[in-house]
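Participant: Each step along the sequence shown adds one to the number in the UniProt record's numbering, with nothing skipped, and position 299 is 299.
Simulated from the structure, these hints should not be mistaken for laboratory data.
Computed spacing ranges between beta-carbons, pair by pair:
{"hint": "1", "residue 1": "130", "residue 2": "225", "range": "44 to 50 Å"}
{"hint": "2", "residue 1": "96", "residue 2": "230", "range": "54 to 60 Å"}
{"hint": "3", "residue 1": "51", "residue 2": "128", "range": "19 to 25 Å"}
{"hint": "4", "residue 1": "39", "residue 2": "9", "range": "22 to 28 Å"}
Beta carbons are placed, not taken as given, at the ideal position from N, Cα and C, and that holds for glycine.
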Amino acid sequence: MIKPISSGIIARNVCFCEGGEGLLVFYLESHEIACYNVEPWHVKWTRALRTRIGFAVLCDNEIDKRFLLISNLVDGVDQYTFPDFEMTRHFPINIEYNFPMQLSAARQGDWIICGGTEGRAVIFQRKNGKILQEIFHGTADHQDRVASLTQIVSSIDVQGRCIVVVADCGLGNASISVWKDIRDDESRSPNSKSTSVHSPHSLTNFIGVGPIGKALVVLLFLLNAVAFIVLLCKFPTIDGGNGVLWRPHAVVSPEVILSHSISESPNQPYDQDVGRVTDQSLVSESSNHRSLSETPLPLHSQEL
Numbered sequence: 001m002i003k004p005i006s007s008g009i010i011a012r013n014v015c016f017c018e019g020g021e022g023l024l025v026f027y028l029e030s031h032e033i034a035c036y037n038v039e040p041w042h043v044k045w046t047r048a049l050r051t052r053i054g055f056a057v058l059c060d061n062e063i064d065k066r067f068l069l070i071s072n073l074v075d076g077v078d079q080y081t082f083p084d085f086e087m088t089r090h091f092p093i094n095i096e097y098n099f100p101m102q103l104s105a106a107r108q109g110d111w112i113i114c115g116g117t118e119g120r121a122v123i124f125q126r127k128n129g130k131i132l133q134e135i136f137h138g139t140a141d142h143q144d145r146v147a148s149l150t151q152i153v154s155s156i157d158v159q160g161r162c163i164v165v166v167a168d169c170g171l172g173n174a175s176i177s178v179w180k181d182i183r184d185d186e187s188r189s190p191n192s193k194s195t196s197v198h199s200p201h202s203l204t205n206f207i208g209v210g211p212i213g214k215a216l217v218v219l220l221f222l223l224n225a226v227a228f229i230v231l232l233c234k235f236p237t238i239d240g241g242n243g244v245l246w247r248p249h250a251v252v253s254p255e256v257i258l259s260h261s262i263s264e265s266p267n268q269p270y271d272q273d274v275g276r277v278t279d280q281s282l283v284s285e286s287s288n289h290r291s292l293s294e295t296p297l298p299l300h301s302q303e304l
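Take these sequences, add in the hints, and give me the full structure.
Facilitator: Right, here's the structure in full:
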């Protein structure tokens, strides 16, 4: 069993480096980063930063190569070169309560996602330091301050989309939300060679549907069904069709009918994506234990 050198200080988190041959350990109170060689086990070097380390993420980027993101537990997130440890950028965050918040990098390090207070997480554009969006995850409860902390964040890039998971930590109404970055079809196409980063356009957090919401959904479904039945009875189908296209009893010119007909030729594939809205959005697929609400979110910045 590998045992680190006893130092009496708290290790906040760890990550591998040098292709798995090295292990970085980040210590909370001592501002210290230690690099251990895995085989054989020994300390290679140590460095001390200017602030405490609430959380750290080591990232690789084709342009900036390797860099380190540090939650400093003072005023936000600091970016350092690695392994030179030169501070190159600062991302300010209003830290109301001094708790360690997790960090995550997405879009090959172009997005920085960090937790925050009042049930929110923040997405930064790393190149210019601007806030792309604030994800309001839970209900901010100022009486229960612990429950309003969003300390857990994680992200992954899958098939051209970014999936972000945020979670509350505390004694109150805790919940987990999953957000999807949905971009237009061209940017999601496997043949697309664009490497530009798209800003999230809007956020909607669906935490659940309560009894009243379920009743409204059933009522709307019944009303739509009644309207559909009335439509079938009032308008005959064209040429004995299967109900895909209707016309009223009034005379309709053949040109109009032909312009709306659907081709049945097997050589013409039907494009299901025609008419799809190309606005970018993050859509939540989340589950809340108690609080069931729907909260639309504003977009702070769309600049990339």
